[in-house]
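Chemist: So you can see what is in the structure, the chains are spelled out below.
Number of protein chains: 2
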Amino acid sequence: MLRDLIIKNRSYRRFDSSFKIPEENLKNWIELARFSASGRNMQPLKYLISTNEKTNEQIFPNLGWAGYLSNWKGPAKNERPVAYIIVLNDKSLATNYFCDDGLAMQNILLGAVEDGFGGCIIGSVNKGRVAKLLELPEHLEILWIIALGKPAEEIVLEEMQENDIKYWRDENGAHHVPKRPAKEIIYKKL
Amino acid sequence: MLRDLIIKNRSYRRFDSSFKIPEENLKNWIELARFSASGRNMQPLKYLISTNEKTNEQIFPNLGWAGYLSNWKGPAKNERPVAYIIVLNDKSLATNYFCDDGLAMQNILLGAVEDGFGGCIIGSVNKGRVAKLLELPEHLEILWIIALGKPAEEIVLEEMQENDIKYWRDENGAHHVPKRPAKEIIYKKL
Chain G
1449 MLRDLIIKNR SYRRFDSSFK IPEENLKNWI ELARFSASGR NMQPLKYLIS TNEKTNEQIF
1509 PNLGWAGYLS NWKGPAKNER PVAYIIVLND KSLATNYFCD DGLAMQNILL GAVEDGFGGC
1569 IIGSVNKGRV AKLLELPEHL EILWIIALGK PAEEIVLEEM QENDIKYWRD ENGAHHVPKR
1629 PAKEIIYKKL
Chain V
1449 MLRDLIIKNR SYRRFDSSFK IPEENLKNWI ELARFSASGR NMQPLKYLIS TNEKTNEQIF
1509 PNLGWAGYLS NWKGPAKNER PVAYIIVLND KSLATNYFCD DGLAMQNILL GAVEDGFGGC
1569 IIGSVNKGRV AKLLELPEHL EILWIIALGK PAEEIVLEEM QENDIKYWRD ENGAHHVPKR
1629 PAKEIIYKKL
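Which chain is which? The protein sequence lines are G and V, in order. Each residue of the first sequence is one higher than the last, beginning at 1449 in this note's numbering. Each residue of the second sequence is one higher than the last, beginning at 1449 in this note's numbering.
Just so you know, these hints were derived from the structure itself, not from any lab. As the structure is a computational prediction, the values presented were derived from the model and not from experiment. Be careful, since some hints might not be right.
Unchecked claim - Derived coverage of chain G by chain V (criterion: at least 3 residues anywhere in the stretch with Cβ under 8 Å from a Cβ of chain V; other residues may be distant):
{"id": "1", "segment": "1478-1486"}
{"id": "2", "segment": "1499-1505"}
{"id": "3", "segment": "1520-1531"}
{"id": "4", "segment": "1542-1551"}
{"id": "5", "segment": "1622-1629"}
To be verified - Subject to a maximum C-alpha distance of 25 Å in a straight line, what follows is the list of computed BS3-like cross-link-like pairs (lysine-lysine):
{"id": "6", "chain 1": "G", "residue 1": "K1539", "chain 2": "V", "residue 2": "K1631"}
{"id": "7", "chain 1": "V", "residue 1": "K1631", "chain 2": "G", "residue 2": "K1636"}
{"id": "8", "chain 1": "G", "residue 1": "K1636", "chain 2": "G", "residue 2": "K1456"}
Beta carbons are placed, not taken as given, at the ideal position from N, Cα and C, and that holds for glycine.
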């Protein structure tokens, strides 16, 4: 059921890095993104997949992890993502990609979860350095990097208290994420 | 299976308007949106649901339908959406909502499809007039309007030919949508 999949689809930041993701799975998830809606049907998004260990090691230091966990510098070596999908906008096709990025990435992540994997959308990226590292041509702009792997952390959803949006980790390492309650996000029903 | 749901989730613009959507379904879909990821966990998105016939009639003329179908002025009276979800950004919480809108709307639409309904994200909206009509306070900015109902049209996915992005309708009224092939959107695999 979709609801179960959506609840299981958390922003995972720690993985079992001994578990690799087959190329076929990654391509299947991008196929799901391909079927998502696109503003004016322009479809300007492109994807670069990396499962290459050396490239992944070079990408890693350019990513910001979990801003609110100030004492945590990101996943340890054995917890790191085993694959990245770099989401690109092809500016030669369109400068405005509307909400295509979110629509497409949600499909990718739900696909990953259905296959027993998971990931996290990272927006805090040193884009200039990653673009150089990946030798991206000028017209391909990095929008987001999806870090992927076999999740190795527990994530607990909670009702938000007193407008405190900060996620936090308990003494057992479980990651707690406060969510605004339904009555707060449904502004009105007419 | 997720893939089937994603393929069934097309941008439907013609509905059987005699089929109403129960309020419970609409709330369940927003619950799915509530569980989507949010940049910095800010969760600034809010939702206004309208199933009110009079309000829906007033919203309708403020929407642009299917830009490439220049001879089609939008759904006929008996084909119109029976519900709208107005996706709002609460600017008092955050001005930057990152890709939250796409992530959340994908969940809403997949939920709708799973329940036998469907919808279309509309970006071509006379936002000023809709905001006035709905008496929205200053801090709630209209991002998108999702038109929803029981789909009453056939949509055919096709491989794009010669970079022609325009969707079109055949003589039987089926709506054809060209999609860029996988080999074109996967820029590189490392």
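Chemist: Which constraints among the numbered hints does this structure fail? Numbers only, ascending.
Modeler: Numbers 3, 7, 8 - these are the hints that the structure violates, sorted from lowest upward.
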